[in-house]
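> Line by line, the protein sequences are chains A and B. Counting in the numbering used here, the first sequence runs from 1 upward without gaps. Counting in the numbering used here, the second sequence runs from 1001 upward without gaps.
Hints were generated in silico from the structure; no laboratory data involved. Just so it is clear, the structure is predicted and the values come from calculations on it, not from any experiment. The beta carbon of each residue, even a glycine, is placed where N, CA and C say it ideally should be. There's no promise every hint is true.
What the hints assert, rightly or not - Listed next, the stretches of chain B that the computed footprint assigns to chain A, with coverage defined by at least 3 CB atoms under 8 angstroms from CB atoms of chain A:
| no. | stretch |
| --- | --- |
| 1 | 1051-1065 |
| 2 | 1213-1220 |
| 3 | 1232-1241 |
| 4 | 1244-1253 |
To be verified - Only pairs whose alpha carbons sit at most 30 angstroms apart, straight line, appear in this in silico DSBU-like list of lysine-lysine:
| no. | chain 1 | residue 1 | chain 2 | residue 2 |
| --- | --- | --- | --- | --- |
| 5 | B | K1018 | B | K1222 |
| 6 | A | K25 | B | K1018 |
| 7 | A | K10 | A | K26 |
| 8 | B | K1018 | B | K1049 |
| 9 | B | K1241 | A | K26 |
| 10 | A | K10 | A | K25 |
| 11 | B | K1265 | A | K10 |
| 12 | A | K21 | B | K1222 |
| 13 | A | K21 | B | K1134 |
| 14 | A | K50 | B | K1008 |
| 15 | B | K1008 | A | K26 |
| 16 | B | K1143 | B | K1296 |
| 17 | B | K1018 | B | K1310 |
| 18 | B | K1296 | B | K1008 |
| 19 | A | K21 | B | K1241 |
| 20 | B | K1241 | B | K1023 |
| 21 | A | K10 | B | K1235 |
| 22 | B | K1241 | A | K4 |
| 23 | B | K1023 | A | K50 |
| 24 | A | K26 | B | K1310 |
| 25 | B | K1107 | B | K1132 |
| 26 | B | K1008 | B | K1023 |
| 27 | B | K1134 | B | K1008 |
| 28 | B | K1134 | B | K1310 |
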Amino acid sequence: MPAKLILRNKTYEVPHGITIKQALKKLDIPAEEVIPTREGELVTEDTRLKDGDIIRLVDVISGG
Amino acid sequence: MRCRKCSKPAVINMRHHKLALCKEHFLEWIVEQTERFIRKYRMFTHDDKVLVAVSGGKDSLGLWDVLWRLGYQADGLYIDLGIDGGFGYSNQSKELTVAFAEERGLKLHIVDVVASYGATIPEMARLTHRGKGKPCSVCGLVKRHEMNRIARDFGYSVLATGHNLDDEAAVLFGNTLTWATGYLVRQGPVLEAVPGLARKVKPFFRFYERETAAYALLRGIKYIYDECPFSVGAKSIYYKKLLNRLEADRPGAKLQFYLGFLRAKEEGLFAQRAEEVVETLHTCPVCGQPTSAPGKCAFCRLVERVEEAKRRRELSNASS
Ligand code: SF4
Ligand SMILES: [Zn+2]
Ligand SMILES: [Zn+2]
């Protein structure tokens, strides 16, 4: 099973075994602009994705 | 990655500070740093009555939370702009702000733009044909005016806003692209009071947006996650993204850009321009706030035009 990254209402699948940083790079999501969380806890980008991991990315940019 | 202070698992890695921290130490760090910035930039003291402008977003609620934890006399001001956007943007953010204040027993002023001036912000923009479909310039004008009014009427010595480094760097970037010297002289973490205008400070101005968001999340602050519907396509977001591309390759680039600007200003860049700006202030005969030209200020003219437009609309409705 791959790992999932969720940003707002979009879900992305990435292979497990890579780090969140690598996954973000693959998906072209700037690491500066999101905070990764797993099961409600904040995790750093060097965290390696495990099989079936669900990472919710909290968008940090606000504008206006 | 481990916390630098206690080697528990880190919750955030701040590359520009080469600093990773666990939850406990990050929350502590934000509070300590805020206190340090307040002192370093002489923003206010424990004797000041501080009015915090709160929007229901992560930055302003986070700031209010920190000031409260530090024991400052900080009351809140929420301005209900009457923006719906299909999900009740203003209502939702107001409810979150009210709940936040109640939980902590904090005093909150609420200004209802519709009740006070007879129209929502988008309606004001439409009625006065301002902003080409975007009410942001009207919104900024009304917010500034109301913040000053409440600060003056209730005797607050300082007005605090939740602007973070990314906000400030994006504005600076925009002003630099056009070399808007009139705006550049007035940009900074502390704006001294002038007659009729409250002193303004931004205690979070050295935190990255990522840090203020992490603070709100870790503190369990319920903030409005959906953006104002009119912020879609905002220039400020575009500039933030550009700056973040730079930051990705050169950690600390955003912070350097902004702090370098403050240093240059300190050393006298724009000094001449600053004198000119101060000299040309006039007082609005209606509300008493300063304005750049003699006569009524932009806010009072806006309110007048909204009233006229509404009267005309009522007349034409009555005759048809
Ligand atoms: S995006 Fe525009 S209309 Fe919405 S709150 Fe910001 S300035 Fe006001
Ligand atoms: Zn720690
Ligand atoms: Zn006026």
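> Run every hint past the structure and note whether it holds.
Quick rundown of the hints versus the structure:
A stretch counts as covered by a chain when three or more of its residues have a beta carbon under 8 angstroms from one of that chain; for the stretch 1051-1065 of chain B and chain A the count is 3, and the coverage holds. Counting residues of the stretch 1213-1220 of chain B whose CB lies closer than 8 angstroms to any CB of chain A gives 4, so the stated coverage by that chain holds, three being the minimum. Under a criterion of three residues with beta carbons nearer than 8 angstroms to beta carbons of chain A, the stated coverage of the stretch 1232-1241 of chain B is upheld, 5 such residues being counted. Three residues within the 8 angstroms Cβ limit are the bar, and the stretch 1244-1253 of chain B against chain A gives 4, so the coverage statement holds.
A C-alpha spacing of about 29 angstroms is found between K1018(B) and K1222(B), which places the hinted pair at or below 30 angstroms, so the restraint holds. For the suggested pair K25(A) and K1018(B), the alpha carbons sit about 21 angstroms apart, so the restraint of at most 30 angstroms is met. Taking the CA atoms of K10(A) and K26(A), the gap is about 15 angstroms. The hint holds against a cut of 30 angstroms. The straight-line distance between the Cα atoms of K1018(B) and K1049(B) is roughly 36 angstroms, outside the 30 angstroms bound, and the hint therefore fails.
For the given pair, K1241(B) sits about 18 angstroms from K26(A) by alpha-carbon distance, which is consistent with the 30 angstroms threshold. Proximity of K10(A) to K25(A) is assessed by CA-CA distance (about 16 angstroms); at most 30 angstroms being required, the pair is judged to hold. For the proposed pair K1265(B) and K10(A), the alpha carbon gap of about 43 angstroms is over 30 angstroms, so the pair is violated. A hinted pair counts as satisfied when its Cα atoms are at most 30 angstroms apart, and K21(A) with K1222(B) qualifies at roughly 27 angstroms.
Proposed proximity of K21(A) and K1134(B) is contradicted: the alpha carbons are some 36 angstroms apart, above 30 angstroms. Our distance criterion of 30 angstroms between C-alpha atoms is met by K50(A) and K1008(B), whose separation comes to about 20 angstroms. For a cut-off of 30 angstroms, the pair hint linking K1008(B) to K26(A) stands: about 29 angstroms separates their Cα positions. Taking the CA atoms of K1143(B) and K1296(B), the gap is near 17 angstroms; set against the 30 angstroms cutoff, the hint holds.
Of the pairs offered as hints, the one joining K1018(B) and K1310(B) is violated, with about 57 angstroms between alpha carbons and a cut-off of 30 angstroms exceeded. A C-alpha spacing of about 59 angstroms is found between K1296(B) and K1008(B), which places the hinted pair above 30 angstroms, so the restraint is violated. Distance check on the hinted pair: K21(A) and K1241(B) sit about 18 angstroms apart at the alpha-carbon level, within 30 angstroms; holds. Between K1241(B) and K1023(B), the direct Cα distance comes to roughly 27 angstroms. Compliance with the 30 angstroms bound is thereby established for this hinted pair.
Proximity of K10(A) to K1235(B) is assessed by CA-CA distance (about 24 angstroms); at most 30 angstroms being required, the pair is judged to hold. Between the alpha carbons of K1241(B) and K4(A) the distance comes to roughly 24 angstroms, so the proposed pair stays at or under 30 angstroms and holds. At roughly 22 angstroms between alpha-carbon atoms, K1023(B) and K50(A) fall within 30 angstroms of each other, so this suggested pair holds. For the given pair, K26(A) sits about 53 angstroms from K1310(B) by alpha-carbon distance, which is inconsistent with the 30 angstroms threshold.
With a C-alpha separation of about 37 angstroms, the suggested pair K1107(B) and K1132(B) falls outside the 30 angstroms cut-off, and the hint is violated. Straight-line distance between C-alpha atoms of K1008(B) and K1023(B) comes to about 9 angstroms, which keeps the hinted pair within the 30 angstroms bound. Note on K1134(B) and K1008(B): the hinted pairing is violated, with a Cα-Cα distance of about 47 angstroms set against a maximum of 30 angstroms. The suggested pairing of K1134(B) with K1310(B) holds, with an alpha-carbon distance near 20 angstroms, which does not exceed 30 angstroms.
Consistency with the previously given hints fails for numbers 8, 11, 13, 17, 18, 24, 25 and 27, ordered from lowest to highest.
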